[in-house]
Amino acid sequence: MKAAVRDNSGRYALYAAMLAAAVAYPFIFRKPFPQDLAIKVFLFGGLASAWNVLGGFTGQVSLGNAIFFGVGAYATAVVQIHWGWTPWAGMVLGMGTACGIALVIGYPCFRLKGHYFAMATLAIGEVISTLFMNWQWAGGAVGMYIPIRDDTWKYFQFGTTKFPYYYVTLAFLVLSLLVSEGILRSRMGYYFRAIREDQDAARSLGVSARGYKLSAIGISSMLTSLGGGLYAQYVLFIDPPSVFPMMLSIQVVLLAVLGGGGTLWGPVLGTVILIPLSEFTRIYIGGTGTGLDLIAYGFLIVLVSVVQPRGILGFFRKGGSA
Amino acid sequence: MFLPELAQSLLSGVLMGLIFALVAVGLTLIWGIMDVVNFAHGDFLMSGMYISFWMYSLWGVDPLLSLPVSGILLFFLGVVVYQLIIRRILGAPMLIQIFATFGLMILMRYVAFYFFTPNYRTIQHTFLSGSIDLGGIYLPVPQMAAAAGAFLTTGAVYVLIHRTRVGGALQATAEDREAAALMGIDTDRMFTLAWGIGAATAGIAGSLLSAFFYIFPEVGGIFGLIAFVAVTLGGFGNVAGAFVAGILIGIIEALAGHFYDPALKTVFVYALFLGVLFFRPQGLLGVK
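Listed in order, the protein sequences are those of chains A and B. If you're matching positions, the first sequence starts at 2 in the working numbering and goes up one per residue. If you're matching positions, the second sequence starts at 1026 in the working numbering and goes up one per residue.
Source of the hints: derived by calculation from the structure; they are not laboratory data. Ideal placement from N, C-alpha and C gives every residue a C-beta, glycine not left out. Treat the hints with caution; some may be incorrect.
[Stated by the list, open to error] Residues on chain B that point at chain A, a partial pick, calculated with CB under 8 Å: (1) Val1062; (2) Ile1110; (3) Met1119; (4) Phe1127; (5) Gly1128; (6) Leu1129; (7) Phe1138; (8) Phe1237; (9) Ile1247; (10) Leu1250; (11) Ala1288; (12) Val1292; (13) Tyr1295; (14) Leu1299; (15) Val1301; (16) Phe1303.
[Unchecked claim] Simulated restraints on C-beta separations: (17) B:Gly1155 - A:Val105: 28 to 38 Å; (18) B:Asp1087 - A:Val236: 22 to 32 Å; (19) A:Tyr285 - B:Ile1097: 36 to 46 Å; (20) B:Phe1303 - A:Ser187: 26 to 36 Å.
[To be verified] Just a few of them, taken from the derived set where beta-carbon distance is under 7 Å, the chain B residues facing chain A: (21) Arg1113; (22) Leu1115; (23) Leu1120; (24) Ile1121; (25) Phe1124; (26) Ala1125; (27) Leu1132; (28) Tyr1139; (29) Thr1291; (30) Phe1293; (31) Leu1297; (32) Phe1298; (33) Leu1302.
Modelling step: build the complete structure from the supplied sequences, incorporating the hints.
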């Protein structure tokens, strides 16, 4: 008991130190590039953690999380362009919409297992992306520019500084981790893992598999949608290829699984390794637009899969030890 | 006015569907025999297209003549991919297999991007060109030749699997790996062969397409996804099923494109895919 208490206090001290370091970072690294890099790490870390709730904890491999990201981004843009709302309201609307879509997708899809579930989510992602391409009111294939305004929190736009984006995306990551930690500690977290390990056994013990899977996709979709809204505000331009891409769906899975799916810190670890790596390769060898960085990226993915097929998923197998 | 249009779209759909069928046959072979999802399948097709394109632009070789070259080269590429990558992740969880082939897809796509630029290429003058006029219904000759080639290749694969000893061994391996191994079938060779044939058929499909379709690094994405749909519709590992499904998809695409909206034609294909997945997960021709 005593050991457990001491163990925990050490962990909290570590968390506090990490948070302090994250808060201090933009004061030390004042150039745009390192700040932009950190914002991307926070954003993708949060997205990977959100996927992890569904894919890692509950074992439902979604290859369609870009749907929720795109819905969040679109809701945030549309409410400003068409109705003059603040982006914050758009993010809330996006989270609600994404959750609704997630439940509609989840209800039939959760009957499917393994490859079939993954392929179904992939196909639905393509369908939704195509529909947005052809939805003229939402910008169609051309996309939408969010009108540029002065720097205010109300419209969450800052042309002269990255600090607000930095702290808001940091808060997004922290929120995703808190939600994950809360799930892992709760009864629901145990049910999620029971479904992942053996759905039939879990059901025979009275766990409503579909109900908990729907909870998982609901939570995952809302967090992902929030990330999409923040992204839209950060870049101020969205179109279907940038917010609904299959690449994004797969990348969040990659980040989570590379670091250790099913654990609290795995997705963050994967993001901290992979995002800077891809950003640096993009800048140093991809600057000419020849795609050399993507060759390296593809090669890296193949290499990691082949060299460490068990290693990465070693975490995944044991799971939930966070 | 309506009937000729309908006939025209149906025919165009069948012609394109035969190509889809050939692409799907290779994918279903790999999937059915080893239960591995190959995301790079469309990029095998893209490689076949570029092989024909370069042989045409550098040496003036017609796609019909470069077709065997792409089949053979892609066969070896499939074997190499299996030996270097897939063999090492056979026992790995599904996600790792998805990543490995997804990484391969990115790798192949951007190697093409790097060396061949993202430009859209076409092959202008081939042996077969022009179109046949059947009382207002036009049948473009290159498409017909490609469809015929796809039909013959698919037929050859079908015969190989269902009428030969090697095919029997492939089927046995698909049915039960361990039992097949106990019967003296070298399952590793069967897997190698499946990847070789799977990639070769995609390469041949690419060469057939190159005579009339745009050639660009991302072209594999379109065909890869459609092949997935066809494989699911036809039942995993079912060559005849993939063939029927490929044609069906071609027809649906053509009809939706002509009578509804070309931009939304893939939505219909995916809707069919999802419908089958939910209501008939064993595929249209599958037996449960």
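Structure-based check of each hint:
1. Here the hint on B:Val1062 is kept, as its CB sits about 6 Å from the closest CB of chain A, short of 8 Å.
2. Annotation: B:Ile1110 was flagged as interfacial toward chain A, and the flag holds, the nearest CB pair being 6 Å apart, inside 8 Å.
3. A least Cβ separation of about 6 Å between B:Met1119 and chain A falls short of the 8 Å threshold, and the interface hint therefore holds.
4. For B:Phe1127, the interface hint holds, since its Cβ comes within 8 Å of a Cβ in chain A; the closest pair sits about 6 Å apart.
5. The interface hint given for B:Gly1128 is met, as the beta carbon of that residue sits about 3 Å from the closest beta carbon of chain A, less than 8 Å.
6. For the restraint placing B:Leu1129 at the interface with chain A, the shortest Cβ-Cβ distance is roughly 6 Å, inside the 8 Å limit, so the hint holds.
7. Because the smallest distance between the Cβ of B:Phe1138 and any Cβ of chain A comes to about 4 Å, under 8 Å, the interface hint for this residue holds.
8. Annotation: interface hint on B:Phe1237 violated; nearest CB of chain A at approximately 24 Å, more than 8 Å.
9. With a cut of 8 Å, the hint placing B:Ile1247 at the interface with chain A is violated, because the nearest CB-to-CB distance is about 11 Å.
10. The restraint placing B:Leu1250 at the interface with chain A holds, with a minimum CB-CB distance near 7 Å, inside the 8 Å limit.
11. Look at B:Ala1288: its Cβ gets to within about 5 Å of chain A, closer than 8 Å, so that hint holds up.
12. For B:Val1292, the suggested interface contact is upheld, since its CB lies about 5 Å from the closest CB of chain A, less than 8 Å.
13. The restraint placing B:Tyr1295 at the interface with chain A holds, with a minimum CB-CB distance near 5 Å, inside the 8 Å limit.
14. Here the hint on B:Leu1299 is kept, as its CB sits about 6 Å from the closest CB of chain A, short of 8 Å.
15. Checking B:Val1301 against chain A: minimum C-beta separation of about 10 Å lies over 8 Å; hint violated.
16. For B:Phe1303, the shortest C-beta to C-beta distance to chain A is roughly 5 Å, which falls under 8 Å, so the interface hint holds.
17. Distance hint check for B:Gly1155 and A:Val105: the Cβ-Cβ separation is about 49 Å, which falls outside the suggested range of 28 to 38 Å.
18. Between B:Asp1087 and A:Val236 the Cβ separation comes to about 47 Å, which falls outside the hinted range of 22 to 32 Å.
19. Between A:Tyr285 and B:Ile1097 the beta carbons are some 38 Å apart, a value that agrees with the proposed interval 36 to 46 Å.
20. Between B:Phe1303 and A:Ser187 the Cβ separation comes to about 31 Å, which falls inside the hinted range of 26 to 36 Å.
21. At a threshold of 7 Å, the smallest CB-CB gap from B:Arg1113 to chain A is about 5 Å, leaving the interface hint in force.
22. Hint status for B:Leu1115 relative to chain A: violated, with the closest Cβ pair at about 9 Å, above 7 Å.
23. Interface hint status for B:Leu1120: upheld, as the beta-carbon distance to the closest one in chain A is roughly 6 Å, under 7 Å.
24. With a least beta-carbon distance of about 5 Å to chain A, the hint placing B:Ile1121 at the interface is held under the 7 Å criterion.
25. The interface hint given for B:Phe1124 holds, since its Cβ lies 5 Å from the closest Cβ of chain A, which is under the 7 Å cut-off.
26. Hint status for B:Ala1125: holds, given a least beta-carbon distance of 4 Å to chain A, under 7 Å.
27. Given the 7 Å rule on beta carbons, the hint for B:Leu1132 holds: about 3 Å separates it from the nearest Cβ of chain A.
28. Hint on B:Tyr1139 holds. Least Cβ distance to chain A is approximately 5 Å, under the 7 Å limit.
29. For the restraint placing B:Thr1291 at the interface with chain A, the shortest Cβ-Cβ distance is roughly 6 Å, inside the 7 Å limit, so the hint holds.
30. Hint status for B:Phe1293: violated, given a least beta-carbon distance of 10 Å to chain A, over 7 Å.
31. Look at B:Leu1297: its Cβ only gets to about 10 Å from chain A, farther than 7 Å, so that hint breaks.
32. Taking 7 Å as the C-beta contact cut-off toward chain A, the hint placing B:Phe1298 at the interface holds, the least distance being around 5 Å.
33. Look at B:Leu1302: its Cβ gets to within about 5 Å of chain A, closer than 7 Å, so that hint holds up.
The structure does not agree with the numbered hints 8, 9, 15, 17, 18, 22, 30 and 31 stated previously, though it agrees with the rest.
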